[in-house]
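*Asks:* Let the sequences and hints guide you as you build the complete structure.
These protein sequence lines are chains A and B, in that order. My numbering puts the first residue of the first sequence at 538, with every later residue one more than the last. My numbering puts the first residue of the second sequence at 692, with every later residue one more than the last.
There may be inaccurate statements among the hints.
[To be verified] Straight-line C-alpha distance at most 20 Å; calculated EDC-like pairs for lysine to aspartate or glutamate:
#, chain 1, residue 1, chain 2, residue 2
1, B, Lys781, A, Glu590
2, A, Lys641, B, Asp789
3, B, Lys1004, B, Glu983
4, B, Lys826, B, Asp751
5, A, Lys576, B, Asp780
6, B, Lys782, A, Glu586
[As the list claims (entries may be wrong)] Coverage of chain A stretches by chain B, computed from C-beta distances (three or more under 8 Å per stretch; other residues unrestricted):
#, segment
7, 577-591
8, 637-644
None of these hints come from the bench; they were simulated from the model. Every residue gets a Cβ at the ideal spot worked out from N, C-alpha and C, and that includes glycine.
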Amino acid sequence: MVKFIFFLLIVFSNIYASNFDEKCLSCHQDSFQFNMMMKRYTLKYSSEEKIKEAIFNYLKNPTHETSILPLGFLNRFGIKDKSTLDDKTLKEMIDIYYDRYNLKSKLY
Amino acid sequence: MGTNLYSGEKKTILYVLSLYLSSTLLLITTLFASYYFYEQDKLFHQEKDTLKKYAQELEDKLSLLNDENSDKYKYPRFENFKSAIYDIDKKLIFSTMDDKVDDFNDEYFTKDAHSFCISSISPYYFGAAYTVIQKETSKVFDPTKLIFLALITIIFTIITSFFLVNIVLKPLRDNIKLLDNFIKDTTHELNTPISTILANIETIDATNCDEKSLKKLQRIKIASLSISNLYQDLVYLLLNHKTSLQNEKLNVSEILHQRVIYFANMAQLKKLEFVLNIQENVFFTADRQKMERLIDNILSNAIKYTKKATKIKITLTSNMLCIEDEGKGMSAEEIKNIYERYRRFDKTQGGFGIGYSIIKSIINEYGINIEIESKIDKGTKVTLKW
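*Replies:* If you want it as structure tokens, here you go:
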């Protein structure tokens, strides 16, 4: 019984992280790219709220206009496909992404 | 006369001086004030420029920092100023200042001896949409030196103004002096002929004259006395401001007797009778000439304005002198204006109308009270109390 509860605790405490690992990092393995993305979003959108909103809007409906990729990359790789995640999960994932990579917390 | 001219001159000098000084001071104040405000404004702009420069420095540093790739970024710190960055929603990102900025409307403001400058930047390095620069406010332009300079200028102006007034008023003053001297000389020249006439009349042997000539002689004598009296008044007025006071203990009773004798001839002509009630040995400390002028003026007024063949009562006690006539009297209105120089109510009588202004100046000097009681067609009673 105690073992079971302990197991559940571990599962639930890791559920978001593992979700993010599963839903994002499974393809975007390189965290360097993630850092670059965050930097570009921050440069363009400044505040947490606006960055999250921009990422969400882009992932729901990626276009050339809303992409923050440099033109060279965009021409070479094109824009990504629409996210298949539902709004709630997507928002959660974006929150985790922001928490992990935001520049504000990296300043000292 | 003389006194009038001098006080008039003083007044003019004061007017010109105050006009000149006030206009000059106004000019100086305006100049210095505008200089002060100009300096302050300059300082304000300098401060602003410095802050702008600092803001640019911070932006450059942030830009460089943004190009780095690292897990941690060291926020740029400066010796001269403190700074903070805010995101587009005006939320604090990072700050080295103690204060928090709430108002982003003012581009430049000062608070608690600190100057602040808020500028917006783009792109948003580390999300910074606004940079806030805080530095200690440069010392405000020190006005003490300026005030000191202004004081020196003002003192210099005052000194020059005195010279200026002297130069401007010199012709005027010369004219006044000329006129003054002329009147003085003329008055002085009167002395000799009057004295000669009086002295010669005294020496004429009355017994050798017939009655008719004697009467004429008497009239000449009275006329000369009147002129002499007038002369005395003029001398008093002209030298009023210069006479050295020679106060001494005067026997007023004696002087009064002398003056009554002096006016006896004049009284005789109008068939007046003096009723004397003089207490002997009344003393009063004053200048003899002034005391004589005082008594003479009151007495001659009484003689001049009383009716023919009446009595003039003269009463002297230890603290009061009273001279009463039976003349035409004055109204209350006339009494009020009596001290005005050249004021004469009765044009039928000769005179300059300077008598009462002389009386007034003397009683003021010695602190004597005067009471004038008068009833029209009944007479006038002048009482001096001390």
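*Asks:* Now tell me if each hint is right for this structure.
*Replies:* Going through the hints against the structure:
1. For the hint linking B/Lys781 to A/Glu590, the alpha-carbon distance of about 17 Å falls within 20 Å, and the restraint holds.
2. A distance of roughly 19 Å separates the Cα atoms of A/Lys641 and B/Asp789; the hinted pair therefore holds under the 20 Å criterion.
3. Distance restraint check for B/Lys1004 and B/Glu983: the Cα-Cα separation of roughly 18 Å lies within the 20 Å cut-off, and the hinted pair is therefore satisfied.
4. With a C-alpha separation of about 18 Å, the suggested pair B/Lys826 and B/Asp751 falls inside the 20 Å cut-off, and the hint holds.
5. Between A/Lys576 and B/Asp780, the direct Cα distance comes to roughly 18 Å. Compliance with the 20 Å bound is thereby established for this hinted pair.
6. Annotation: proposed proximity of B/Lys782 to A/Glu586 holds, straight-line Cα distance about 11 Å (limit 20 Å).
7. Coverage of the segment 577-591 of chain A by chain B holds [criterion: at least 3 residues with CB-CB distance below 8 Å; count 10].
8. Using a Cβ-Cβ cut-off of 8 Å, 4 residues of the segment 637-644 of chain A lie near chain B, which meets the minimum of three, so the contact claim holds.
When each numbered hint is compared with the structure, no violation occurs for any of them.
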